[in-house]
Amino acid sequence: MPETPLTDDHATLTDPIAARHYFDAFARITGHLARVAAELEAEGTLVRLEARLLAAHAGRLAASFRALSLKYLMTGRVEGPLPGAPAFDRVDSGFPVAQELMTLAIDAAQAEASLRAMPPAAELKDRMVRQILNDLTVPGRLQFALSQRLYHEALVAGGLFLPRNDPEAQWVEDTGERRRFLVHWAVYDTQANLPLVYLMDLEDSGATALPADPERWPQAQAHLVAQSLGGLKLLTIAGGFDADVPDLHPKRLRRITLGPMHSHRFTLQSGPIAEVLRAADAPEAEDWALVWTIEDLTSAREEAAGRAGWFGRETVRQIWTLDPLAGAETGATAMQRMMILPERVAQVLAEMARPGLAPYRKFVVGAGGRLVATR
Amino acid sequence: MADFETQIRDSQAQVAEAQAKIAAVTQTIDTARQRLDAGESAIDIETATLEDVHKHTDLMNANIAELIMGLDDVTAGFSRDFDEMRNKTGWESVVGWFSDAKSESMRQERLRGASIDDKLQDLIAKSDTIVRLLQGQLDMLNAQKARVETNLTATLSEREETVAALEAVRREVAAMDPAIIDLENRIGVEQDAAARTRLESELAELNRRYNALVQDEQVKLAKSQTLERYIEKGKTWVDSLQNQAATQMVLINKLQTDTKQRVVLYDALTSSLKTAQQQDVAHRINEIGVRTDQEAQTAMAAIGAATNDRMADMMEAHEGQMVFARDILEQKARADERFMRRFAAIVEKHDKNDYGA
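In order, the protein sequences belong to chains C and U. Position 292 (the first sequence) corresponds to 295 in my numbering; numbering is contiguous. Position 277 (the second sequence) corresponds to 288 in my numbering; numbering is contiguous.
For reference, chain U alone in the conformation it holds in the complex:
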């Protein structure tokens, strides 16, 4: 697996490219809209372009998902640290052949000085970098969606007007039919030449109007169809943007939940490793210098006090646990489930360690 910095740079480049492509599609939709306003009817949002964008964003999301999974590998460094704290170094083992106590006290001293603060900060910073990357993409998607949606709303109302106008023309055409038939009948029975000529010119006028209306109907029909096609493309695009935004949200959610859990977990582990020292070494050392009778007295009295305290602590802790455990576990399960649904393929690949195979 490539190192984190390279991967971040790759993803940044891919995000930039994906954003350019997405912006280009929105731009095409905008341009088409302007052409429509100018009266042109040619629309060239090719389905191929949309598919290209989809293919690219899929690639980008896969890469980012891998980055998130890759944080797991970054965190492997922690377990090395923990092992070092738990076990003896080579030199300490060598010393251990001569003196167990000396070797153990060397390990204790090393443990006292150990700190994982910088690693924790590093983990938070890295996860923050990815969140910012995703957030940038999400903001862009939302902005694009808003733009296309305003555009669509305007187009929808325009199409409504066009359809209404088309209906009106059709009604007018239908209304003209009886008048024309009536005129034709009257021309058929008219004996007077002058009246007949008048009626015929009236019919000609009516026919001219009829043809004009039919032509208008064709134009309106064409416009309505163009608008419909445009709306369809626009809707597909909005759907696609919506879907992409959902994907970004899932990624962000997963990442934030995981990082939160990790920081707390690693920190708790370090604490427990360090707290172990007070059970075995520090206290015994102090007690050497203190008088034995005083010590016994202390221990006896302490047992009573400590038991009470522990009981109280346990009960308080238990209550808190009960209230929140269900809530958070559910949240985590939901985040995981959403992530798995969307990135099943990558998770599988990661688990099999099957990169570039």
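The following block holds chain C by itself, in its conformation from the complex:
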């Protein structure tokens, strides 16, 4: 039996009201992510295609959390270990733990079969009415059955953020002998319990276009997914990919970490943001701040790296630009942190003027969901 304190930071929401509020908070926050992507596009940080892809990943994340909220709708309301209770990472990320998403992926794989075995929603409601009128009892079991049905329907509807969202390649342009692609994929990091979106600009000098190449594309996909750990620096990921996959030249790799989510009510992070939230003492709808990080690694130049074997072709290797100060530590060219937060919290933040929070780009959500980018 593993005797480890590794799940210490997982907290379980057994209280039905708390669980619903938690998912409500997420529904609100993920709604703003797409707007931030649009804002970044407007100011030129992302091009249109990248902003669209990022917004799509944020949308999938929202769909997954919506499905989870349905799964746990009856938490604490029916007896027994099912429906269970949502577990989330309380100390680091504020997001649900990765196992929730793994279970969701397993459920999604057999959702259609499960759905066929369940009575339709109308019948369940009819039975609820009967139980209420005939037995004068609360139809908890039936409500649970209906919540599971809705959960599986959400799974069948698709568009979910799974623990692993395989790489897809988008053709950008042809430049002489090479083709440029934007490869994007996303994983839910199992160590930090945070969603990570990767964007890679790469040039392809192979004979067959990458997505149509049955030899290199599956290998490249598997390689990228196996290396998508939050603990690995971009330099390690890009360098390994450059060395292992022939005829592909990664030019730029970006990793967007969506999170952590801070909330005075739910999470136990320490540091300046937690202090700001405590001081703000905001009502539930405004008690949150979502930090996200864009790590960026660009290639400085290419160098010849000799022949592959005695009779192989000439290979080239990328030399990456590293941040002169923090580069060795971050393994990236640049790192930008951003924060989305509601008006009230932003006001307290401005008043407290914590030096540690100064470098963060702030996006303030105003009335009616308006987004104001501030320094």
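The hints are simulated quantities; they were obtained by calculation from the structure and are not laboratory data. All values derive from a computational prediction rather than experimental measurement. Glycine included, C-beta positions come from ideal geometry on N, C-alpha and C. It is possible that part of the hints are untrue.
What follows is a list of derived Cβ distance ranges for each label pair [as the list claims (entries may be wrong)]: (1) C:118 x U:124: 28 to 38 Å; (2) U:107 x C:316: 53 to 63 Å; (3) C:136 x U:87: 50 to 60 Å.
For the chain C half of the interface with chain U, some residues (derived, Cβ under 10 Å), not all of them [said to hold, decoys possible]: (4) 47; (5) 51; (6) 52; (7) 90; (8) 101.
Once you have looked at the hints, place chain U on chain C.
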């Protein structure tokens, strides 16, 4: 040890059988209740049947406990994977005779491509299957318990009524005694034949009533005893169902805690194996192409920044650890303790690897 699929199928069959037996006992109790309503007094819930059910559910639970312990053996596959990541393959060792660097870079490449995602998913899915099995059994036990309990409540109030009626009859019988003695005395001293005949017929009437009441008392007494026996059986059954439900809860709890810990542990191990690569290879390779002076400058500046960051990280991590460590360890200890208490025999057998001996 049989493979997981076979074991799951075995357990499913056993759960089905156990459920059929449990349902049958509840059915017997229900039927007995209907017979009671119909006025029959024969009740045939044999103690033997209950014992049979107990024996069977014990067998089933042992099997499921073994299944849970057996997940340990399933997870042995993980350690093989980890060993493969850590060590060199045969071919890599052969290459190592000629070039250490080439052999190491081959291992690194293999490690970069390795993934245990599918195994983790498999572990979660298997544990989920067992939880569903247990949950089904638990739901059934709770439903049966509810049914028998409603039944018992009705019977208890009926018995109360019966006892009250019995008491009333007894009081009435007791109250008749003085009247009868009084009549007998009066008959003894009565001289007038006509009056005496009247008194005697009165006495006869009273005696007839007395006998009827005594007979009624017997019937009521018998009914009360039958009900009492029924209630006793019902209570035993409810206790047994309750106990079985507790066992299911212990099994589910143990399984869920273990799976949670395992997934996190294996994942952490893979991560740390993979993160090791950035210490030794990747960085050195990149630095070859970068000018030396720039490198030195970078390293000097980085030392200061990194130290600060590390300190901050360490302090944050430490705080979180302190808050939760105690809580979770206690939870885990409780789950383990409950499991050990109930399945000491199986754990011992598993540890000695003593199956079918």
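Quiz item: What are the numbers of the hints that this structure violates, sorted from low to high?
Solution: 2, 4, 5, 6
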